[in-house]
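Residue numbers (our numbering), protein chains in the order written: chain A, 1 to 137; chain B, 138 to 529; chain C, 530 to 910; chain D, 911 to 1077.
Just so you know, the hints here were simulated from the structure itself, not pulled from any lab data.
There may be inaccurate statements among the hints.
[Claimed, not checked] Okay, derived cross-link-like pairs now, DSS-like style, lysine-lysine, Cα gap no bigger than 25 Å in a straight line:
#1 A:Lys-70 / C:Lys-756
#2 A:Lys-51 / B:Lys-186
#3 A:Lys-51 / A:Lys-81
#4 A:Lys-33 / D:Lys-916
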Amino acid sequence: MEAESYLYTVGPLAEQFLLSIKNEGKIKAAYCKNCGRLFLPVRSFCTFCGKEVNELREIDQEGVVESFSKVKLDSFGKELKEPFYLAYIKFRNVEGGLLHKLGEVKEPKIGMKVKPVFKESKERIGSLEDILYFRPI
Amino acid sequence: MKTNINIKNRVAIVGAGMTLFRRRLKETPQELAFEASRVALDSAGLDVKDVEAVVIGSAPDAFDGFHMKGEHLSDGSMGYMKPVKRVFVGGATGVFTAIAGWWHIASGLYDIVLAVAEEKMSNARPHPQGLFKYIWDPIVERPLNPNLIWIFAMEMHRYMYKYNIKKEDIALVSVKNKRNALDHPAAQAAANISVDDVLKSEVLVWPVQRLDISPVSEGAAAVVLVSERVARKITDSPVWIEGVGWNLDSTHWTSRELAYPKYLEEAGNMAYRMAGIENPRKQLDFAEVYDPFDYKELHHMEGLQIANKGEAPKLTKEGVTQRDGDLPICPSGGLLGVGNPIAAAGMMKVCELFWQHRYEAGKRQVRIKRGYGLAQAWGDLMQVSTVVITKT
Amino acid sequence: MSEVAIIGAGYYGFKPITDEVSFREGTFLAAMRAYEQCNIDPRKDVDSFIACEEDFNVGIAISNEFAVDQLGGVLKPVSTVTSESLIGLASGYMLIKSGLCDIVVVEAHSKASNLVSPEKILEFAMDPVYERFLNFHPNYLASLEARNYMEKRGISNDDLALIIKKNKENGLLNPRASYSITVDLEAVKKSEKIFDPLSEYDIAQYTDAFVVVVLASKEKAEKLSNKPVWIEGLYWCSESSLTPLRGFSTNALELAAQKVYDRTNLNPKYIDFFEIDDRFSYRELMHIEALKVSNKDTIKKDLREGRFSKEGDRIVNASGGYLATGVPLDAGGLARVYEAFLQLRNEAGQMQLKNANRCLIASWRGIPTSTYAVCALSNGA
Amino acid sequence: MTKVYKSIAVGVEEEKRIITIYYKPYIRYEFSAGQALSRYLQELKNGRIIGRKCNKCNRILVPPRLYCEQCFRMTDEWVYVRDEGIVNTAVVSYITQDARKAERPEVVGVIELIDAPGQGIFHRINVDPKEVVEKTVFGKRVRAVWKKSEERVGDVNDILYFELVKS
């Protein structure tokens, strides 16, 4: 009951966020001038105080695993040939966080410190998929 | 219907705002909802903290491309850690969003409610019209590969046949509304065109031609609703919601008389009764009648009893519905002129009530003599209408 | 005394598959039962109808179009609330409180058996930029939350098994509990943790169900029913649908419950039984905490001591909950209202609880949402 | 003042340059037709149109429903109706479902059935588009043209179209 496909715009500030991943290999967070919060995922409004947001700021790239799960089924419910670790990762002084994969890890733990591993810069397209995974520090 | 007209709590509109209406906007649905909400709150002099509840209106999830679209829109609509609800009556949703906001306050449970409508239609590929096949019955209608325009064309042609109405008379609506929209700062399809331009435009589904139709659009619009107690405190010029009405006819449109919208008559009567209006043609100052197609404005004027059956084209021809006429219809420019991001377009009409009553409509301003304005929307399988009546 | 009461409720289905009816026919059968109970004619007596449905759950782009005939609502004020059915109930409640309506019908249904790929529909509710790209089954959002919660509270899979056993066995006396079974704890422990750390036992399955509820003003309720069930208070609340922004929290439920407690001057002690969302076993515990039926320090002990069982002092999900009845999509809230309606009228047969005079219902819209509704019902005793 | 936020409009060409996210959904249904429509489809396969009669208001409902929406009661019996009707409305479509130009124009409309007054069927009508444009087709009598029995599958397309009954 859907269209054949969708082409979503990502919004003006999220576009900057994705471009900074692509061009600088850096995860940045949105900064709300009004309430002073840094937050992820990036959107051009502040969920918490209801004001417009149009600034990104650099953040510590080191994240902390808040939770993880070994993903065995894909979005169709089919078994994956290569299961992977899905994690929820938070960053210092940042509200919210990111969902991503963990790599180079045998036994993940909650509280584990990780950092992003990016694709080669020429392969990056401006997407969260430009990050291959997060690996333990 | 034994609707009780002894409403306990009066409700006022104290702020309105909208985004541009365009074919394609860069913002996400949440961001568009946010922008309209922010502008509406600012115009009311209120902050997100003041909002006690949020009502969201949006048409099919398949357009924006989100299941549970109301959930997706909620934090953009200032709904974070608040009661948020989405209502949905097809194309009639925009006006209905304001009605749902009204009952939050009329119930006495809330004092300040934000009503937001949003639509993003150009996410869907290859064309958003393809999605409309899913509005048809999956078993007895979808297999015929219908296009959305078919049903409207069938209704339009039945209307033309029954009352012997000419296409050139219908085209006058498109000419008027697109011209009115030249004065609307958000307009997408404003233009100075002639009846001839409409009649010569591409035939899509006879009798519907390209310029009979409103465009594919994206955008959002919002109003701030408050209780009488709050209204008296924060503004000298509240716009009161005096009547609300909505009505849904049978799903089986093939067994209904398409030439006349009976459901709109019922919805109108519900709202008129509440507002104490006995003669809409004489008592209304202006009406934002739903006009996704030019014939719909005429059809709806008749359902609303602004014109007798089959006689709306005559009023239009006589200039009554022009902005300087005795009963201006769609002074905003309507969906034909401002654009048609479905739910947002209906809400744009409610915004227009607010601006007109407060003499904030600039060049679009009509004369407020008797005090009443009306906004109406329509949708589903030509089966539902929603009506809001306001008073200065 | 409250101003709005439930005077009739009817259902059809609560089965994994209801191929014998279309969704319209199933709703018609439920509506007929609800109207019969309070002896009303929908064509004459009802002022407004509310259908709770989501397009992608129904399979029609404007599902409101198809909501009207089977309720008896033709040419009446009918509308759709695209949300959890308790939030639809709240709309009916407000329509009556406003003075506009005396009798309002609220309907919700699930025809989940029509859905070929419910997981892809849920993925479609997730954010295209920040969530969908990872291509995982949406239940893993619950997995993340479960691990986080279990670690914080020191709760093990053995503890979750106690909830599974309690609810699935409570359901054995409930004719609507198609998924109720006697539970062998050892088998639960051995089951594969496919949604690591959760197994299939921890996750309620979908069910087909049609529920119709009739609301009335005080005056009408007292005239039409000798056993009205009063709505004492309700509230609903959303945090953010974006999981990475929100993290793992039930703050919105906590706030909704607090509002209901404040408005009704109630606290959990005055409530005889709770009907709350348990679509994931661990979620029952999170919801119990948010409703202040227990707290983070005592939850594990309370669970192990059986305080939430039918014999306990804080009865949770005596109906069997979703783990036993299945999840009827957005009809879940009304399904729980139906269970409470029977209990409060002393009509629950073998399931009947003693002294069931007041119930608190808490519903959730499931992943990826953070939308909750809370409703307090009482029989006025 | 009319308060309008200056959202960012994106042109067709510009859209190719900005970052967008492509997504291919997969959402499928297996609808239960239900008791009334199942029989309807079965009878279409047999080359017949069947309705349900409400013995309270005496209407025959086509397509059949298990319930009468006016009386709110279960309908009472199955009734076959002739595959003939009167054109209630008709239009000429020059576009396809997803708004592309159609190869050839197609006439569709609502046919009010002779044996079930007030009840219409939505279908194709095989008639010269000129008759539609001139509105002469309105009120004319039409009859269903069916697929050959071995080709019928129990679908509304078992009726090819309706055509004018020659008088």
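Against the structure, the hints:
no. : hint                 : result
1   : A:Lys-70 / C:Lys-756 : violated, 51 Å
2   : A:Lys-51 / B:Lys-186 : holds, 11 Å
3   : A:Lys-51 / A:Lys-81  : violated, 45 Å
4   : A:Lys-33 / D:Lys-916 : holds, 20 Å
When each numbered hint is compared with the structure, violations occur for hints 1 and 3.
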